[in-house]
Structures are given as structure tokens and as C-alpha cells.
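Participant: Single-letter residue listing:
There are 2 protein chains.
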Amino acid sequence: MRIRRWLACLLGVALLATMSLTALAAPDGAQAKYVFFFIGDGMGFAQINTAEIFAQRIEEPDAMGVRKMAFTQFPYTGSVTTYDAESFCPDSASTGTSYATGNKTLGGVVNMDVTKTIAYPIITRMAKDSGYKVGVVSTVSIDHATPACFYANQASRGDYYDIGLQLVNSGFDFFGGGTFLQPAGKDGDKEDLFEIAKANGFAIPETREEILALDSASGRVFAPNPVIGDAAAMLYEIDRIHMAPDSLSLADYTRKAIDVLDNEDGFFLMIEGGKIDWACHANDAAASMRDVIALSDAVQVAVEFAEAHPGETLIVVTGDHETGGMTIGFAATGYSTFFEKTIPQDISFVEFDHYVARMRGEGISFEDAMLAVRSHFGLIAPDAPEAADEANAGMVLSPFECERLLAAYEQSMIPAGERGAQTEEQAVLYGTYEPFSVTVTHILNNKAGIGWTSYAHTGIPIPVFAMGAYAENFGGAYDNTDVFHKLVAAMGL
Amino acid sequence: MRIRRWLACLLGVALLATMSLTALAAPDGAQAKYVFFFIGDGMGFAQINTAEIFAQRIEEPDAMGVRKMAFTQFPYTGSVTTYDAESFCPDSASTGTSYATGNKTLGGVVNMDVTKTIAYPIITRMAKDSGYKVGVVSTVSIDHATPACFYANQASRGDYYDIGLQLVNSGFDFFGGGTFLQPAGKDGDKEDLFEIAKANGFAIPETREEILALDSASGRVFAPNPVIGDAAAMLYEIDRIHMAPDSLSLADYTRKAIDVLDNEDGFFLMIEGGKIDWACHANDAAASMRDVIALSDAVQVAVEFAEAHPGETLIVVTGDHETGGMTIGFAATGYSTFFEKTIPQDISFVEFDHYVARMRGEGISFEDAMLAVRSHFGLIAPDAPEAADEANAGMVLSPFECERLLAAYEQSMIPAGERGAQTEEQAVLYGTYEPFSVTVTHILNNKAGIGWTSYAHTGIPIPVFAMGAYAENFGGAYDNTDVFHKLVAAMGL
Numbered sequence: 001m002r003i004r005r006w007l008a009c010l011l012g013v014a015l016l017a018t019m020s021l022t023a024l025a026a027p028d029g030a031q032a033k034y035v036f037f038f039i040g041d042g043m044g045f046a047q048i049n050t051a052e053i054f055a056q057r058i059e060e061p062d063a064m065g066v067r068k069m070a071f072t073q074f075p076y077t078g079s080v081t082t083y084d085a086e087s088f089c090p091d092s093a094s095t096g097t098s099y100a101t102g103n104k105t106l107g108g109v110v111n112m113d114v115t116k117t118i119a120y121p122i123i124t125r126m127a128k129d130s131g132y133k134v135g136v137v138s139t140v141s142i143d144h145a146t147p148a149c150f151y152a153n154q155a156s157r158g159d160y161y162d163i164g165l166q167l168v169n170s171g172f173d174f175f176g177g178g179t180f181l182q183p184a185g186k187d188g189d190k191e192d193l194f195e196i197a198k199a200n201g202f203a204i205p206e207t208r209e210e211i212l213a214l215d216s217a218s219g220r221v222f223a224p225n226p227v228i229g230d231a232a233a234m235l236y237e238i239d240r241i242h243m244a245p246d247s248l249s250l251a252d253y254t255r256k257a258i259d260v261l262d263n264e265d266g267f268f269l270m271i272e273g274g275k276i277d278w279a280c281h282a283n284d285a286a287a288s289m290r291d292v293i294a295l296s297d298a299v300q301v302a303v304e305f306a307e308a309h310p311g312e313t314l315i316v317v318t319g320d321h322e323t324g325g326m327t328i329g330f331a332a333t334g335y336s337t338f339f340e341k342t343i344p345q346d347i348s349f350v351e352f353d354h355y356v357a358r359m360r361g362e363g364i365s366f367e368d369a370m371l372a373v374r375s376h377f378g379l380i381a382p383d384a385p386e387a388a389d390e391a392n393a394g395m396v397l398s399p400f401e402c403e404r405l406l407a408a409y410e411q412s413m414i415p416a417g418e419r420g421a422q423t424e425e426q427a428v429l430y431g432t433y434e435p436f437s438v439t440v441t442h443i444l445n446n447k448a449g450i451g452w453t454s455y456a457h458t459g460i461p462i463p464v465f466a467m468g469a470y471a472e473n474f475g476g477a478y479d480n481t482d483v484f485h486k487l488v489a490a491m492g493l
Numbered sequence: 494m495r496i497r498r499w500l501a502c503l504l505g506v507a508l509l510a511t512m513s514l515t516a517l518a519a520p521d522g523a524q525a526k527y528v529f530f531f532i533g534d535g536m537g538f539a540q541i542n543t544a545e546i547f548a549q550r551i552e553e554p555d556a557m558g559v560r561k562m563a564f565t566q567f568p569y570t571g572s573v574t575t576y577d578a579e580s581f582c583p584d585s586a587s588t589g590t591s592y593a594t595g596n597k598t599l600g601g602v603v604n605m606d607v608t609k610t611i612a613y614p615i616i617t618r619m620a621k622d623s624g625y626k627v628g629v630v631s632t633v634s635i636d637h638a639t640p641a642c643f644y645a646n647q648a649s650r651g652d653y654y655d656i657g658l659q660l661v662n663s664g665f666d667f668f669g670g671g672t673f674l675q676p677a678g679k680d681g682d683k684e685d686l687f688e689i690a691k692a693n694g695f696a697i698p699e700t701r702e703e704i705l706a707l708d709s710a711s712g713r714v715f716a717p718n719p720v721i722g723d724a725a726a727m728l729y730e731i732d733r734i735h736m737a738p739d740s741l742s743l744a745d746y747t748r749k750a751i752d753v754l755d756n757e758d759g760f761f762l763m764i765e766g767g768k769i770d771w772a773c774h775a776n777d778a779a780a781s782m783r784d785v786i787a788l789s790d791a792v793q794v795a796v797e798f799a800e801a802h803p804g805e806t807l808i809v810v811t812g813d814h815e816t817g818g819m820t821i822g823f824a825a826t827g828y829s830t831f832f833e834k835t836i837p838q839d840i841s842f843v844e845f846d847h848y849v850a851r852m853r854g855e856g857i858s859f860e861d862a863m864l865a866v867r868s869h870f871g872l873i874a875p876d877a878p879e880a881a882d883e884a885n886a887g888m889v890l891s892p893f894e895c896e897r898l899l900a901a902y903e904q905s906m907i908p909a910g911e912r913g914a915q916t917e918e919q920a921v922l923y924g925t926y927e928p929f930s931v932t933v934t935h936i937l938n939n940k941a942g943i944g945w946t947s948y949a950h951t952g953i954p955i956p957v958f959a960m961g962a963y964a965e966n967f968g969g970a971y972d973n974t975d976v977f978h979k980l981v982a983a984m985g986l
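In order, the protein sequence lines correspond to chains A and B.
Residue numbers for the first sequence follow the numbering used here, beginning at 1 and rising by one.
Residue numbers for the second sequence follow the numbering used here, beginning at 494 and rising by one.
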């Protein structure tokens with residue numbers, strides 16, 4: 001044993017020597033010259049690991065194992081507590097404030113204190129003032145709470161126009177992904193934000209081709225996606241790949257942001273996968289898993305950049321809070337999971353809501369609605385002819401599931417304004433979502449062995465993954481406000 | 494910016510130099526001479542963080558924040574995937590096999606391959622053969638799957654007597670906590686395991702005082718707790734502190750294991766908090782949180798040992814899988830949590846099951862049963878006089894909760910053998926648990942903002958916390974089988 005231990009000791013010395021060389025390999029001491037900060041909104045361990053199992057099931061339906069995301073291969077991991085100044089289930093404004101300023105505040109507040117009077121200095125402004133270029137990309141509207149925390153100070157996240165004004169006056173270098181929610185204010189009577197942006201020197205490319213042509217000579221850029229879905233956001237990835245596969249992805253935006261920002265003084269680039277959160281609010285696992293994979297693809301672009309710029313690139317990937325209380329395990333499936341059952345789903349809950357609105361408007365029968373459920377989610381009514389085929393057994397609704405779905409159908413057939421006050425049971429079953437849509441995803445998810453406990457954000461710690469310069473500082477269990485300090489230290493701000 | 498970066502670089506060099514000195518401080522190169530491996534069975538991020546919020550609420554009911562567990566203060570954290578050879582929701586035998594041997598196998602199999610014919614070499618045997626002393630402690634029966642994985646090879650975890658035989662013939666140095674489930678075999682006709690243990694040189698102290706008197710001169714020891722609860726296990730911590738506060742805790746066992754094992758050639762000590770899992774199977778959050786705190790108290794004993802033996806002690810704390818799909822967030826409580834509501838609970842579901850059995854046997858009325866619920870869980874029936882007091886508002890059952898609890902009461906009043914086949918809805922509502930007990934903890938937990946999705950193990954990754962010699966190897970996201978290799982490398986086996 002003694003000799004083995006002596007050898008292990010020698011190996012330890014060699015390992016530490018190598019680590020030291022790697023950590024100090026930056027050419028000019030600027031160890032974190034290029035900093036990528038990825039946020040999967042609502043992305044906890046369950047969102048990541050479900051995506052890993054799902055991705056593996058697509059490739060090898062019968063084998064155990066996971067297909068790792070780009071970021072779960074990073075060498076350093078940590079976990080952060082996410083509570084804010086008033087809640088253990090915080091919102092994206094307060095958690096964004098923690099990351100962007102190192103402070104805890106109230107829900108709904110963007111980079112201001114709990115009295116809503118003091119504006120906190122923002123990491124992107126500090127970076128810009130130190131010579132870094134700054135980029136902000138999100139799949140949701142660019143004035144949404146999380147991206148807003150990387151350029152704005154506002155007492156209320158709901159003041160979209162004022163947030164947008166701070167964007168166009170930021171002097172930052174790249175904005176992309178979703179667009180403005182209220183470009184002319186909530187009443188449409190304000191000066192158009194796009195016009196102000198142009199006056200402030202922003203190039204605003206309007207087509208996919210114009211965006212793909214962007215480079216480091218393009219100057220200041222705001223490049224909203226030409227293909228916009230709900231609420232000024234990019235499409236859910238599940239809809240993008242099925243409905244508009246040629247449209248720009250989050251990975252495309254990451255590539256273009258790099259092309260625009262790349263310069264000798266470095267850059268700080270925040271990239272948000274914002275619709276993981278929205279999918280999980282609605283308890284739509286397939287939409288969540290596809291958006292996590294899209295985020296991973298975007299991270300992979302950054303990894304390739306880091307490989308070309310070793311020793312001076314830092315990539316940090318995290319979430320801001322968990323959403324939905326998602327777990328891999330459901331009471332009725334016990335120790336089994338069947339993620340392959342979620343693969344046939346080809347539509348997000350939001351797109352299916354459009355069908356449900358038509359169902360209500362046209363008085364479509366439950367039987368016909370079940371054909372749409374069959375077509376988009378693979379679930380089969382027990383009286384459908386296909387139900388007799390043994391190969392379909394796993395996708396046939398049980399009597400209890402049928403009963404739940406019929407009750408939801410009946411509720412969805414009533415116009416929202418005429419439904420009256422929700423019962424406590426309905427609040428648990430449907431939240432504020434379209435009863436028929438959310439019950440379809442609940443049943444499909446539960447059959448796959450995926451459970452949910454909430455329609456809101458939840459309180460469990462969130463993972464942090466880091467690679468590159470100063471990545472070793474991101475190990476351990478700490479608070480979300482510490483992430484700010486670790487980023488600031490890495491950039492020497 | 495350049496000067497700041499240069500300073501940051503200098504600081505980095507200083508930091509690395511300090512790290513190197515610390516890492517190499519072991520007197521003889523035996524960097525992991527004393528190895529503690531703690532397993533919280535069923536302990537995922539939710540189990541840990543709920544305990545942290547709960548512990549803080551006990552101390553400061555009105556302040557935000559968490560009271561960190563001993564191990565969430567460790568400098569290195571990782572996360573492990575826990576799937577086994579056949580399931581993403583694995584059991585404790587297959588996950589224990591991964592930790593103890595570095596292999597994946599089938600559920601129920603203890604340290605053997607998927608054909609159940611090849612026995613894998615066990616880390617504790619390797620350590621013992623290299624000169625380490627070996628200890629195994631668990632709050633559940635010492636022949637249960639997790640502790641068994643640290644001394645036995647068995648095709649089935651259910652063969653308790655054969656596992657016990659391997660314990661008494663192991664030649665290992667310390668066993669403690671729970672006792673044998675079947676000391677004379679399942680039919681009571683086998684040679685008594687305690688007698689074989691004594692013949693093999695084990696001292697078997699029988700009283701608290703005898704156990705507290707153990708030291709490094711005690712030789713080989715098997716020290717089951719004189720106070721035993723359900724299924725040959727120690728009491729749940731929630732019951733221990735309320736019913737038998739002077740009985741030995743897991744922290745006491747950690748201290749005594751160290752006293753017995755401490756020697757110049759080092760030791761490997763596995764300590765399991767096994768009833769976190771049992772509490773979470775039954776969806777009893779208060780019992781889980783108290784047992785996580787008990788595990789933290791045990792870890793603190795190891796931390797104090799590590800502080801007295803710097804540079805040569807490694808402490809790793811992890812779970813084997815998550816249980817129950819526990820989350821901090823419930824549909825009906827939205828963004829709010831009320832952990833203080835779980836503080837009045839003074840009894841585990843198992844102890845309350847005894848009351849329910851009496852309720853059934855004696856025909857106790859729902860109204861009287863609600864008085865017991867009030868007394869042990871703090872929940873108040875809406876027609877109780879206390880319900881009118883505004884200060885109690887948060888603990889008064891809603892009409893929907895009342896309805897659920899009455900249905901569960903009616904189900905629990907039927908003798909288990911006469912209940913007939915469960916409906917699908919009942920399976921989701923009660924699992925295999927006593928309907929009245931599990932509905933009481935569900936309602937209490939949900940009111941606190943804690944959700945559950947399963948009565949089984951679930952599939953999300955599990956945290957790893959490490960401090961001391963070679964702890965830096967435990968960062969990153971990896972598989973549970975890698976933990977074995979990291980431990981083996983740390984010990985130079």
C-alpha cells in the first residue's frame with residue numbers, strides 16, 4: 001500500500017503542475033477574455049436529464065444510458081440556491097438580478113433594490129466600461145425579465161417599453177433572438193423602438209440572409225428572428241423543427257453573436273433558452289426537452305469557439321430557477337420510464353391551443369378531438385380501431401385517463417370568460433392553462449414516467465456547469481448572487 | 494483593464510500555490526488515509542434543500558435563507574447519473590453496486606453481474622486487503638441493500654440471512670446502527686447470526702453505555718442500536734427526538750465508528766442515512782427533513798475528524814438515487830412556500846400508522862381521528878373550534894382537502910385484506926401506503942409548498958459533495974460508477 005500511495009502522490013504533483021500550466025496559459029493574463037453566460041430559464045437537473053434520456057431514446061430506443069448535453073461534459077459543476085428577497089420560488093427578474101448584479105431583490109424587479117429606488121450596477125455595463133463588447137440573446141422577447149437583467153434597471157419587469165428604451169440606449173453591441181413585445185408602448189402611442197434603435201446606430205437586419213451575413217464589421221446590431229411565435233418570442237424548438245426547420249435556431253444566433261462581437265478586447269455574451277421555462281410552466285415535457293437540446297446545440301458553438309481560443313474563454317451554463325417541479329418518476333409508472341412515448345409529439349402546447357380554440361369555436365366533438373390528439377401526441381382513444389393493435393398498447397388511454405381528458409374537453413369547450421371561478425381541484429389539474437391541452441401533456445408525460453407538481457417556479461437548487469478560464473471557481477454549492485462575483489472576478493472587473 | 498487582469502493573474506498563481514501545498518500536506522503521501530463515504534438513501538437536491546429551509550425556519554421563522562447542511566459547505570460538488578442496467582429509476586442494490594464495485598447491474602442484485610453469476614470485487618474488501626480498517630453503519634437494517642453492498646455479494650437483496658452470514662464472516666472491523674432483519678433466517682431455523690458473529694470475534698455491546706465505551710481497543714465490533722424501530726432499523730429521527738431523545742443518533746454512531754476504527758493504517762467508513770428513502774417513499778417530508786439533518790450532524794463529526802487530520806482525510810457525501818419525486822413547489826401554493834407548517838409534525842408516518850390501525854380496530858370516528866391529526870400534524874378540521882382563530886387559518890383544511898381526507902379515512906377503515914383491487918386513481922393517491930396517513934402528509938406537505946410525484950425511486954441526477962484529500966476529483970457531472978473509480982484512486986487501491 002505504501003508504494004502505491006507514494007506513486008499516487010507523485011501523480012498528484014504532476015497533475016497539479018499540469019493544472020497550473022493550463023490555468024495560466026492565457027497569452028496576456030486576460031484569462032476570461034471571452035465570456036459566455038448561458039441561462040436555461042427554468043432549467044434544473046430534471047429538465048437537463050430528461051433531455052439527455054430523450055435524446056438518447058431518439059437515437060437508440062432500446063439501450064440504457066444518456067446522450068450528454070454539451071455542457072454536462074464540462075469539467076466543473078456547482079449548484080446554486082435561487083431564493084430571492086421574498087420567496088423560495090423566485091421569479092426570473094429577481095434571479096436575473098442576482099446573476100447580473102450580485103443582489104437579491106423582490107420578484108418582478110429588474111436590477112433594483114427592494115425599495116425599487118436604487119439601481120444596481122449591471123455586470124454587462126461594467127464589462128462594457130472595461131472594454132468588452134456585450135451581447136444579449138434570448139429565445140423569448142428581448143425585453144423579457146431575464147434578458148432585461150443584462151441591460152436594464154426597472155422597478156417592474158412588466159414595463160416592456162421602458163425596458164426596450166434602455167436596450168436601444170444601452171450602447172451594447174449585439175441583441176438577437178426574440179423581438180420587442182411593445183415596440184410602440186402598451187397603447188401603441190410611443191415612439192417606435194426600432195426607429196430609436198436605428199437612430200442610435202443599430203443595424204436591424206430583417207431577413208435570415210441578412211442576419212447570416214453579419215460579421216465583425218456590422219457594427220451595433222439588433223437582429224430579431226424573422227420567424228416569431230407567441231409573445232414576441234422565437235418558436236419553441238419542437239415547432240421550429242416541425243414547422244420552420246430552415247429558420248434561425250439558438251445555435252445560429254450564438255454563431256452570429258460571436259461573429260459580430262469577436263474583437264481583441266473580448267466580449268461578454270449572455271444567451272438565454274427562455275422557453276424551457278414557458279414549456280415547463282405548461283407542464284409540456286417534449287417542448288422543454290427539445291428546447292434544452294437547442295440550448296445544448298448553442299453551447300456547442302461556444303465550446304468550438306473556446307477550443308479555438310484556449311485559456312482565455314470561459315463558458316458558464318446554468319438555469320435561473322426550476323419550473324414546474326419536474327421529476328423523472330410518476331406514481332402510476334413506479335420504477336419504469338418510457339421516454340420513447342414522448343417522441344411522437346410534434347407540436348407545442350401553444351400551437352395545440354390554437355387547435356383547441358378552433359375545437360371550441362367549431363364545436364368539434366370529443367371523438368374528433370381525439371383524432372387530433374392521436375395525430376400530434378400519439379395517444380389513442382380506447383375505442384379507436386388502432387387500440388386493438390398490441391403494438392399500440394402503451395399509447396392507449398386507460399379508463400381513468402379517458403375520464404380526465406373528457407372532463408378537460410368539457411371544460412375547454414366553455415369559453416374562458418364563462419367558466420366561472422376555478423375549484424381547488426381544477427386549479428391543481430389545469431392551473432391557468434387550457435384544460436384540454438394541459439391534460440393531454442400531463443397524460444402523455446405521466447405515461448412516459450415524467451411527473452410535475454406545479455405550474456410555477458420551484459425552489460430546488462440549480463446546476464452550474466463551467467469550462468475554460470477560471471471555471472474551477474464555479475465548483476461547490478453556493479448562492480446565485482455568488483455567480484455574479486465569480487464572473488466579475490474571472491473578468492477582472 | 495489590462496492591469497486588473499495582470500493582478501488577477503498574479504492572484505491566480507498565489508491561489509494555485511496555496512492549493513498545491515494543501516493538497517500535498519499528507520505526512521506520508523497517503524492522501525486519503527481516512528475515507529468517509531456517506532450515502533443519504535433517496536437523497537437528491539430536493540431532500541437536502543428542503544432540510545436546509547426547514548432547519549432555517551425552525552431557527553428564524555420569518556427570515557429568508559437556508560441553514561446549510563455540513564456537507565453543502567464542502568468545496569467540491571458533482572452530480573451523478575443513477576440509472577442501472579435496466580431502469581432510469583434504479584433500486585438501492587444496483588446503485589450500491591455501482592458505488593461499491595464500479596459496475597451497473599439489475600435492480601435487486603448486490604455486487605453481482607446481470608447474469609447473477611459473477612461476483613464483483615468490493616471496494617471495502619480491496620481497502621481491507623490493502624491494510625485499511627473497514628466500517629459500515631446504517632440507520633436501516635444492517636443487511637439492507639445499501640449497507641449490504643459494502644460487504645456482500647448476493648444475487649438477491651431479499652436473502653437477508655445469507656447477506657448477514659457474509660457480514661459475520663467479513664472480517665471487517667465495525668458494523669453499527671440497524672440490526673439483522675432475519676438473524677435466524679426467514680423461517681427462524683438457521684444458526685443465529687449473533688452467535689456466529691461472537692464466534693468470529695465480534696464484540697456485541699448491548700446497551701447504550703457499552704456502545705459509548707467502545708474504543709480502538711475494542712477489536713471487531715457489531716453494535717446494533719438498543720432502540721430499534723420498524724423493520725430492524727433505528728427510529729426515524731423525528732421519532733427519536735420526540736420519543737427517545739437519549740438514544741444513540743447517527744452522529745453518535747459516526748463518533749463511535751471513528752473511535753473503534755482509528756489506527757495508523759487508516760480506515761474506510763460507509764455511513765448510510767437509510768430512512769430518508771423510506772420517509773420519501775411514503776411522501777413524509779418532515780420525517781425526510783429530520784433524517785437529512787441527522788445525516789448532516791453525522792457528517793459534522795467526520796468534518797471535525799478531518800480538521801484534526803488535515804491532508805489525509807477524504808469525506809464524500811452523496812445519495813444513491815432520489816425518492817418520491819420531491820419538489821419545493823406545489824400547484825395550489827404557486828410561488829409561495831410555508832415550511833413552518835411542517836414544524837408541528839412530531840411523529841413519522843410509521844408511528845402514525847399504529848394509530849390508524851387502532852382507529853380501524855376500535856372504530857374511531859373521523860371527528861376523533863381529526864383530533865389525532867391536529868395533535869401530531871397541526872392540521873385543523875374546518876368545523877373545529879380552533880378553526881375560527883385567524884392565527885390558525887393556514888392550518889385549517891379546505892373543503893377539497895377535507896373531502897380527500899374523508900375518502901382516505903373511509904378507505905383506511907376497511908381492513909387492508911378486504912379493500913379489493915386499487916383503482917388507478919387510488920394507486921396515484923395512496924400508492925401502497927395507509928390511505929389516511931399518506932393523505933395527511935400529502936395535505937400537510939402541499940400546504941407547505943412541497944410536492945411529490947411518486948412512491949418509488951426517481952431518475953434525476955444526485956449531488957456529490959467532497960472535501961479533503963483528492964476531493965477535487967469529485968467535481969463535474971459523471972456516472973455513479975465513476976464514484977467507485979474516484980474513491981479507488983484516492984485510496985491508491
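Think of the hints as simulated: they come from the structure by calculation, not from any bench.
In this text, a Cβ means the ideal position worked out from N, Cα and C, and glycines have one as well.
Worth double-checking, as some hints may not be accurate.
What the hints assert, rightly or not - Beta-carbon label-pair distances, calculated as ranges:
1. B:Ile551 - A:Ser398: 24 to 30 Å
2. B:Glu552 - A:Ala387: 54 to 60 Å
3. B:Thr700 - A:Pro399: 54 to 60 Å
4. B:Phe831 - A:Glu60: 40 to 46 Å
5. B:Leu864 - A:Ser398: 35 to 41 Å
Participant: Would you say the C-beta atoms of Thr700 of chain B and Pro399 of chain A sit inside 54 to 60 Å of each other?
Facilitator: holds (57 Å)
Participant: Taking 35 to 41 Å as the stated bounds, is the beta-carbon spacing between Leu864 of chain B and Ser398 of chain A within them?
Facilitator: holds (38 Å)
Participant: Do the Cβ positions of Ile551 of chain B and Ser398 of chain A conform to the proposed distance bound of 24 to 30 Å?
Facilitator: violated (43 Å)
Participant: Quick check: does the Cβ-Cβ distance between Glu552 of chain B and Ala387 of chain A fall within 54 to 60 Å?
Facilitator: holds (56 Å)
Participant: Is it true that Phe831 of chain B and Glu60 of chain A lie within 40 to 46 Å of each other by Cβ?
Facilitator: Distance hint for Phe831 of chain B, Glu60 of chain A holds at roughly 44 Å.
In summary, the structure is inconsistent with hint 1 from the numbered list given earlier, while agreeing with all the others.
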